[in-house]
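Visitor: Put chains B, C, D, E and F on the given structure of chain A with help from the hints.
Single-letter residue listing:
Number of protein chains: 6
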Amino acid sequence: MFHHSSKLQYTVTVDTPDPQFAKLLQQAIGGVEGEIRVAMQYFFQAMGARGDDRIRDLLMATATEELSHIEFLGHAVALNLEGAPVTVQEEAAKDPVVNAILGGANPRHLLSSGLSAMPVNANGVPFDMSHVYATGNIGADMLANATAEAGGRVLASRLYNLTDDTGMKDMLSFLIARDRMHQQQWLAVIEELGGLSASLPIPNSTPENHEAMQHSYYFLNTLLDKEAPQGRWSSGPSLDGRGEFSVKQQPEPEGQVPSLGKARPNSGAQTEQM
Amino acid sequence: MFHHSSKLQYTVTVDTPDPQFAKLLQQAIGGVEGEIRVAMQYFFQAMGARGDDRIRDLLMATATEELSHIEFLGHAVALNLEGAPVTVQEEAAKDPVVNAILGGANPRHLLSSGLSAMPVNANGVPFDMSHVYATGNIGADMLANATAEAGGRVLASRLYNLTDDTGMKDMLSFLIARDRMHQQQWLAVIEELGGLSASLPIPNSTPENHEAMQHSYYFLNTLLDKEAPQGRWSSGPSLDGRGEFSVKQQPEPEGQVPSLGKARPNSGAQTEQM
Amino acid sequence: MFHHSSKLQYTVTVDTPDPQFAKLLQQAIGGVEGEIRVAMQYFFQAMGARGDDRIRDLLMATATEELSHIEFLGHAVALNLEGAPVTVQEEAAKDPVVNAILGGANPRHLLSSGLSAMPVNANGVPFDMSHVYATGNIGADMLANATAEAGGRVLASRLYNLTDDTGMKDMLSFLIARDRMHQQQWLAVIEELGGLSASLPIPNSTPENHEAMQHSYYFLNTLLDKEAPQGRWSSGPSLDGRGEFSVKQQPEPEGQVPSLGKARPNSGAQTEQM
Amino acid sequence: MFHHSSKLQYTVTVDTPDPQFAKLLQQAIGGVEGEIRVAMQYFFQAMGARGDDRIRDLLMATATEELSHIEFLGHAVALNLEGAPVTVQEEAAKDPVVNAILGGANPRHLLSSGLSAMPVNANGVPFDMSHVYATGNIGADMLANATAEAGGRVLASRLYNLTDDTGMKDMLSFLIARDRMHQQQWLAVIEELGGLSASLPIPNSTPENHEAMQHSYYFLNTLLDKEAPQGRWSSGPSLDGRGEFSVKQQPEPEGQVPSLGKARPNSGAQTEQM
Amino acid sequence: MFHHSSKLQYTVTVDTPDPQFAKLLQQAIGGVEGEIRVAMQYFFQAMGARGDDRIRDLLMATATEELSHIEFLGHAVALNLEGAPVTVQEEAAKDPVVNAILGGANPRHLLSSGLSAMPVNANGVPFDMSHVYATGNIGADMLANATAEAGGRVLASRLYNLTDDTGMKDMLSFLIARDRMHQQQWLAVIEELGGLSASLPIPNSTPENHEAMQHSYYFLNTLLDKEAPQGRWSSGPSLDGRGEFSVKQQPEPEGQVPSLGKARPNSGAQTEQM
Amino acid sequence: MFHHSSKLQYTVTVDTPDPQFAKLLQQAIGGVEGEIRVAMQYFFQAMGARGDDRIRDLLMATATEELSHIEFLGHAVALNLEGAPVTVQEEAAKDPVVNAILGGANPRHLLSSGLSAMPVNANGVPFDMSHVYATGNIGADMLANATAEAGGRVLASRLYNLTDDTGMKDMLSFLIARDRMHQQQWLAVIEELGGLSASLPIPNSTPENHEAMQHSYYFLNTLLDKEAPQGRWSSGPSLDGRGEFSVKQQPEPEGQVPSLGKARPNSGAQTEQM
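Protein chains in written order, with the UniProt record's numbering: chain A, 1 to 274; chain B, 1 to 274; chain C, 1 to 274; chain D, 1 to 274; chain E, 1 to 274; chain F, 1 to 274.
Simulated from the structure, these hints should not be mistaken for lab results.
Careful, some of the hints might be misleading.
Here are the simulated distance ranges between beta carbons [what the hints assert, rightly or not]:
#1 A:209 with E:87: 45 to 51 Å
#2 E:262 with C:207: 56 to 62 Å
#3 F:252 with B:265: 50 to 56 Å
#4 D:170 with E:244: 53 to 59 Å
#5 D:214 with E:17: 36 to 42 Å
#6 A:227 with B:207: 34 to 40 Å
#7 A:252 with B:248: 37 to 43 Å
#8 A:209 with C:15: 35 to 41 Å
#9 D:89 with A:224: 42 to 48 Å
Keep in mind the model is a prediction, meaning the values are calculated, not measured.
All C-beta atoms in this analysis are idealised placements derived from N, C-alpha and C, irrespective of residue type, glycine included.
Okay, chain A solo, but in the shape it has when bound (with noise of 0.2 Å):
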């Protein structure tokens, strides 16, 4: 069960309001590189968390902190869009900057929202939940995990430049910490299961006999004029152990021209396919 405080996880300032700068902040909510994101996968992992309990404590618990992400996040936004232009003036109409400004914010802030956060993205795109990957698998969702993070990191660093507000720096650099943190706490687990090696291949359960593992360890060179990129993944062990790496070069398709033969009667098609 769920509890709220009223104050925020972090403390938000703004110091010059910036409605171009909340339409880029949206990304951090909305985008799929954003907060409604993690706290939804970790939800949902957290809810289908099979095997070990500290692992389904530790998806809620930070389910939980990126709700608390999304609360300040939005509070940010708000006070960027504070001062907004909410009617046209005959001067605006013709000065420039004014005119950018406009431009490159979000019309939805006032239109949709009324000068507040949307769960949208940097491009008014709403998130859509299609993005919560939750396998079942804890190998899966540990690095779907550590890969949502990254993103997130890498999007907080880029906002992080795009803006010189002390304020917004300072709360950037928060969410840029708890990112390091999630990548780590993800990757932790797969340590905590025995490392990488021991994870995969992922899942670990698939019985070897399901498996043509002539197919298992080669490089595809699907390149018709260069040579394979030759590094760790064309020779040596393989990472799980178990196998060699190699490159199979310019590969025979191994399988049949796909022909379907003809259109069966009363199945739409035109007569000359029948």
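Guide: Same frame as chain A, now just chains B, C, D, E and F:
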């Protein structure tokens, strides 16, 4: 530039066509765990790749392989739809077996595609390209790719269990194998770049003075009635070797109460809010 | 800031797991009538609340409750999926009962989530955040909230009728009760603000000289072959007490024929349009 | 059956075409607050209307009016796009005013529609029909309709403030008026059916033994650090006249810890979860 | 301006209600081949029509007809849902026939709409307005319309084969007929404008010096292991009468290797990319 | 099976990087008129092709070419983003030119992709695969393909007018040329199959006794105040040579008033509806 040869990458046979399994297979084509996603994700990452050109080649070569996976899966769906009923007959209407088959199949496999594959998932929801993760940060992207392949192999393993068809099992065993390789290949890129500890935190180019380092290494326990779960994430050196994990129990909010005050005139609020 | 305690808000038991009912329950999680929607709607309204701080607190408190509803519904879905078939067996393939169950279940409950809840509706369509209605106008928002709870209670009542499971009926009877309270709570805010007649028209802050008042109180009967339906809406004082309802029969258009003339050169039209 | 006459419902003129305002106006066509939504919502409610035929007629008549609103708004968008630049000129590339205009306009108004209206919102996001709320319950539907008209009038009022164009102000004043009527018309249906107290709870046909009535009338205060806000919702008779409002402070969870145990073999989980 | 008369455009009867067929019929309402799409497509094309006013009238008249098609199809869905089970009974739970019917029906036809039509397709996916194609180019639009009607008649023909109900067959035979006319009507507009050869290439207003004409008439054979297929497209005069078709075999790329070099500082990339 | 060679199909140069033009170019990648759409549409049509194998080869060869178009357009976007600002500087914040550029660019080109192409349109809306039209009917599919290429060439022509960059104009002139060929190539398939009159109506395999032929050849004039527009569509032989066009003026509805009666008990309606 892309090229095509007329044979499939891998032989596809279906011993007993099964429209219900055709519906399930769609998840491997148009699901978030499916082949359209990885093909497009690696393709867009390749187009935006900066730095070591080997990585761009790896990405493009594997994008190309994934396109070939879409192709043979699409053929598998069409073969499973061979013989599916296209007209209703009086006896069928009363036959629970036929009804069950029709009920469990995707009706759009007849209505919309005329007995062939569609770019949709097992619920008939079209794939949307917001799932193409390509950040321009090679660390974030490699984790995203390993995640995608983990989800893909989980899916292929589940599909393998849901069919008795020899041909389908053979095809899925090939996918299970390739997904093993692809998981490792992307993680091997991280190894090549110095390993996880060198890559973390992602992005590793963010200056430390952009980060509130005092918040970078603690697990925040937002659970009111439980101790924080203990593990690799709660104590000991951080994975990036630059800090020490700790736990922050029962946190007090650090921020303010986020009151926005009154609504502005002309902002479309109710009079009572002003 | 949010917090979490480890127990569910309400006890959830399932006497007989039913994968088909798990699919139906998803509507209460990820449908437009579901709990993700209300949790997020109240949360975003709270973050944008201006004026009376009591309303912000009401919104945030109830957002927090709805998060707890997601949590126990998610558990209910997982319990209903216990024992669902994860492999196909020869006898099952021929058993119409098993086939019917599989046909009526959501295959992604196995394929994608590994037997747990997803943020999707009963058709497997993911929730998208465009359904979070938060206008910054408290009158519009309270109506939106009462609407959401009305839809929610309609849904819960229908679900109640579709299960014989004692545990599920008990859980749904709790939701039916909470939705009763929530409907009333949002409408009570309107009462607190002076009642409907004081709130209408929404927004009540729009100056009357922004409105073509001669068009404000008639029902427009666009039906060619019927008299306008008579009722509270067709005569008598308006609900806001500032006008008198009437009917405008068989209206003539007041506007012009909307001809746009020729297409401009270089606008990508056909030559014949220019 | 529908019919059409060639003139617009209302005269539309634009004194000074403004591509930026064309973009804003799109919200009134293809936004969730817009005319496509209400036209389709009332149309689908009418098609599913059961009970009093007057309501079906009301719904269909107003659906028909809203189609006419789409039509004149579509014309308004096209008129605002008259004269928008379709080729780039050297001087424009350096002129910040022109650049600002181009930056603030929707480029798809040229690229995709050739200077005419599209079924998208002010961010260019297409309208999707999941926003058509039609439950088959007349109480829920009337609230949904009043909500839609409230959002619509908020939007029209904001748009009115964002233009100086006499023609556009005139057109918007007409929409502001019609939305006033439509808000009242749907609420008047509830009056006709006995008023809010008779309608609540929605659905009012759910038997009370389907409801855990002990949970039907308290406000749940999930806020840890604040008293529940006091008001019409916290004490006194409930709006449906069948109960008494109260507050439940600092609730303890009533449910269990939701542990799912181990993952099943063959379910695609990691070995460590089994 | 639109008007409505109370009778359906065409008589709709259902001899034996069939909830599964109700689900299939939804494709004709809310599918990409359905009536909402054509109604809205012709409506938006009409609103943006420039040039010959007859075309605008054709578009608006047919948009209006398609609205009437939605209306009678919506009624057909509701009639097919008459008598669908709304409560579960003990015997039904064990009856495979009933289960098959429930499994094959759309549960949201009860849960969300209360036994009436929804603006969704046969998979329950809501229609989204991005499918409204209206380019402002009459040639492109007429092809798009003929395409939509072709898809519509394919769908209606398939639906016809999937029902034994006399009433449903009669209604579908009407749609099959109207779609024949509509296909021809849009292609007849192209005839009226001089025929295909005059219309091609679309847009026919693009100056030839904007086009790399040396690439305008060859079929590019990207197949590595096959000769190009021979036909009307590979030799002989082009359809626009301005060129000669040819085949370009085994093409060499004409472009460069697309290397982007290093990532920029402060761009959020990994250090190794810089 | 697919293969790749390392050079682009066509040389791409950008003389002066322009982040605003990068945003516009996205329409040609991820718009409904763009290259992802045609690549995937032809690919899925090829996978489902039944009948003449030459058509399957045509489809697959051209799908492959379109993938190469995505590739060089993706490079063009990245080149236009070279030099775009990644940090804010004090002078920039006050410079209207810089602000205008930032306002008119897509912020996600930095925030999400790190200065490279994304699978989105010019509004930042991701491409969704519901736009892949592949019906299994070759007539419907060829029209859909000609439509897609018509939209594509309209778009490329408009983009050509919106840039002064020599390199971009050259690249677009290549696309304008290829789209000319592709339009003709798909229409040439219809010629090869006997021409339009033999193909119509689509599907031409529907038995005439499935069609209410008395409704197959009239234009329905639903306009109340205008004669039907006269033209090739209103009189003379039909395009399929099997009928004669006519006009049906001021039609009376042929159907019934669609009343559904009362709502059923337990269906979630209000008591007043029962």
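Visitor: Hint by hint, note whether the structure agrees.
Guide: Results for each hint:
1. A:209 with E:87: 45 to 51 Å: 47 Å, holds
2. E:262 with C:207: 56 to 62 Å: 58 Å, holds
3. F:252 with B:265: 50 to 56 Å: 54 Å, holds
4. D:170 with E:244: 53 to 59 Å: Holds - the Cβ-Cβ distance for residue 170 of chain D and residue 244 of chain E, about 58 Å, lies within 53 to 59 Å.
5. D:214 with E:17: 36 to 42 Å: Given about 40 Å between the Cβ atoms, the range holds.
6. A:227 with B:207: 34 to 40 Å: With a Cβ separation near 38 Å, residue 227 of chain A and residue 207 of chain B satisfy 34 to 40 Å, so the hint holds.
7. A:252 with B:248: 37 to 43 Å: 58 Å, violated
8. A:209 with C:15: 35 to 41 Å: Between residue 209 of chain A and residue 15 of chain C, where Cβ atoms are some 38 Å apart, the hint holds.
9. D:89 with A:224: 42 to 48 Å: 44 Å, holds
In this structure, only the earlier hint numbered 7 is contradicted, and the remaining ones agree with it.
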